[in-house]
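*Asks:* Here is how the chains run, residue by residue.
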Amino acid sequence: MSEFINIKTKTSTEFVTECKKSALSKMDAGIKLVISITFAFSIFICKNPISFFIISAFICVSTIFSGISKNVIIKNITPFIVMILLPYVFSIVILKSILLFCNGNFYFFENNTITAIFRTLKIILLSYIGCLYLCSTSIWAVASLFDKLFSPLKRLSVPVSDYIRILVIILCGVPKSAGSAKDIIIQNFTSIRNKNRFDIREFFKTITNSVVAIIANSFQNVEQVHEILNNKNSYRLDSYHYKASKKDLFGVFFFVIIITLLILIEKNFVPSLF
Amino acid sequence: MIKVNNTRRAINIILVCNAILFSYVETFVPLPFPVPGLKLGLANIITIIAIVFLNYKDVVFIVVFRCMAMAFLAKGIIALVLSLSAGFLSATVMWFLYTKAYGIFSIRGISIAGAIVHNVVQVIIASIILGENILFCYLPILLIASVITGFFIGFIGELAVKQIQKKGLLYKCQNS
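If you read the sequences in order, they're chains P and V.
Under the numbering used here, think of the first position of the first sequence as 1, with each following residue one higher.
Under the numbering used here, think of the first position of the second sequence as 1, with each following residue one higher.
Incorrect hints may appear among the rest.
[As the list claims (entries may be wrong)] Straight-line distance between alpha carbons at most 30 Å, and here's what the computed DSSO-like set of lysine-lysine pairs gives: (1) P:182 x V:100; (2) P:47 x P:182; (3) P:96 x P:26; (4) P:176 x V:162; (5) P:182 x V:167; (6) V:162 x P:182; (7) V:167 x P:75; (8) V:57 x P:154; (9) P:205 x V:167; (10) P:247 x P:26; (11) V:100 x P:176; (12) V:166 x P:148; (13) P:176 x V:166.
[What the hints assert, rightly or not] Computed list of chain V residues with no C-beta within reach of chain P, every gap over 12 Å: (14) 17; (15) 18; (16) 103; (17) 109; (18) 138; (19) 156.
These aren't lab readings, by the way, just hints derived from the structure by calculation.
From the three backbone atoms N, C-alpha and C, an ideal C-beta is built for every residue, glycine too.
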């Protein structure tokens, strides 16, 4: 059990790459969640481009305070680009090419395309806010907070705490399994590398052998995970308590200023300033 | 009784951890035919194994917790919405085909069906998020590619299932 990592200090992205301890990570998880949700909503509510610019600027400043490395940001944005943005761009290219062949017309930027690009930027920002929150908050704090947030479901006999505990066990188990899996993959693939001729059958056989070896190897931990599940005290979630610090007050102060500014802009009180 | 359930749960947790690992591993495996938005889907090997050896509840447990853990680890909220909806529906379709039509579909066929459902759902959700139907133009390419990746994953899954049966790895879970 000692091999499982300490989740009270680790943030979720620390499994992927290192994240510095920063001003943002020292803020209260609840306050950060409220600020993140408010900004996420304001991205879609605000219609004025100036509001959008202010929110983006605030998120940029938050990124600096979070101390998150570029690699983490890229890793978090990549799935969105690969899963949504690239297929979208390719769809536009395909459709426009068909139109070009059929009608001889080629208008790449139409009104609805520009609207869609603006909407895509908003979704990237939304995704990024979520990334910032998860990168700067420890798993323990997020888990305890979610346990508290979903506590009304406990009255309906939904085992919320058990599910969150399982999620935490999974998050802690991944780095442990990764080490042994890496050795298995290296061991299996060195034999392929040493051969001069690439054999597709052998390639698939090696992948299958690696998959089965990883599963077989991981099953050695069943007893350990079973023990953790039975022991209610291990990975027990603390109940979330709000703890205000100077950093929280500073963050809330800025948040209030920006929200007030956004309201004024949206109500057309400030346009003359710009 | 609780202990038996916990053994099953422990096996599920370990399978989820493996699925997450395979998701990471596949980022290092280059696709022979790179198609934007398309992944090999190595994590689906675990879904196939779960469909063969475990019950529907366990399959859903593995898919849901895998998507949630991935969202926590690196992928974020948008990816959670996409992978959870697509993963859940494709696993349900694969489960249905395995239990009701195994004579008609082999594991490779089931995997192809799962890959197709996964891509169709992802395109639907992505077009809802973007508010544009244009993404459907890309669907035929994704479908062709998903047939190929589904076949590969099904092929590996089939071999893995045979080896697991041979070694009796999930025997404990099947009996609990």
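*Asks:* Confirm or reject each hint.
*Replies:* The hints, checked one at a time:
Simply put, residue 182 (chain P) and residue 100 (chain V) have alpha-carbon atoms about 37 Å apart, too far for the 30 Å limit, and the pair is violated. Taking the CA atoms of residue 47 (chain P) and residue 182 (chain P), the gap is about 49 Å. The hint is violated against a cut of 30 Å. Straight-line distance between C-alpha atoms of residue 96 (chain P) and residue 26 (chain P) comes to about 49 Å, which puts the hinted pair past the 30 Å bound. For a cut-off of 30 Å, the pair hint linking residue 176 (chain P) to residue 162 (chain V) stands: about 27 Å separates their Cα positions.
With a CA separation close to 22 Å, the supplied pair residue 182 (chain P) and residue 167 (chain V) stays within the 30 Å bound. Annotation: proposed proximity of residue 162 (chain V) to residue 182 (chain P) holds, straight-line Cα distance about 23 Å (limit 30 Å). For a cut-off of 30 Å, the pair hint linking residue 167 (chain V) to residue 75 (chain P) is broken: about 37 Å separates their Cα positions. In summary, the hint linking residue 57 (chain V) to residue 154 (chain P) is supported, as the alpha carbons are separated by about 20 Å, within the 30 Å threshold.
For the hint linking residue 205 (chain P) to residue 167 (chain V), the alpha-carbon distance of about 16 Å falls within 30 Å, and the restraint holds. A hinted pair counts as satisfied when its Cα atoms are at most 30 Å apart, and residue 247 (chain P) with residue 26 (chain P) qualifies at roughly 7 Å. Using a Cα cut-off of 30 Å, the hinted pair residue 100 (chain V) and residue 176 (chain P) is violated, with the two alpha carbons roughly 38 Å apart. Restraint check: the Cα-Cα separation between residue 166 (chain V) and residue 148 (chain P) comes to about 45 Å, which exceeds 30 Å; the hinted pair is violated.
Taking the CA atoms of residue 176 (chain P) and residue 166 (chain V), the gap is near 26 Å; set against the 30 Å cutoff, the hint holds. The beta carbon of residue 17 (chain V) sits about 5 Å from the closest Cβ of chain P, which is not more than 12 Å, so the claim that it is off the interface is violated. The claim that residue 18 (chain V) lies off the interface is violated: its Cβ sits roughly 6 Å from the closest Cβ of chain P, which falls inside the 12 Å cut-off. For residue 103 (chain V), the condition that its CB be more than 12 Å from all CB atoms of chain P holds, with the nearest at approximately 24 Å.
For residue 109 (chain V), the shortest C-beta to C-beta distance to chain P comes to about 17 Å, beyond the 12 Å cut-off, and the non-interface label holds. At roughly 4 Å from the closest C-beta of chain P, the C-beta of residue 138 (chain V) falls inside 12 Å, breaking its exclusion from the interface. Residue-level check failed: residue 156 (chain V) sits 5 Å from the nearest beta carbon of chain P, not beyond 12 Å.
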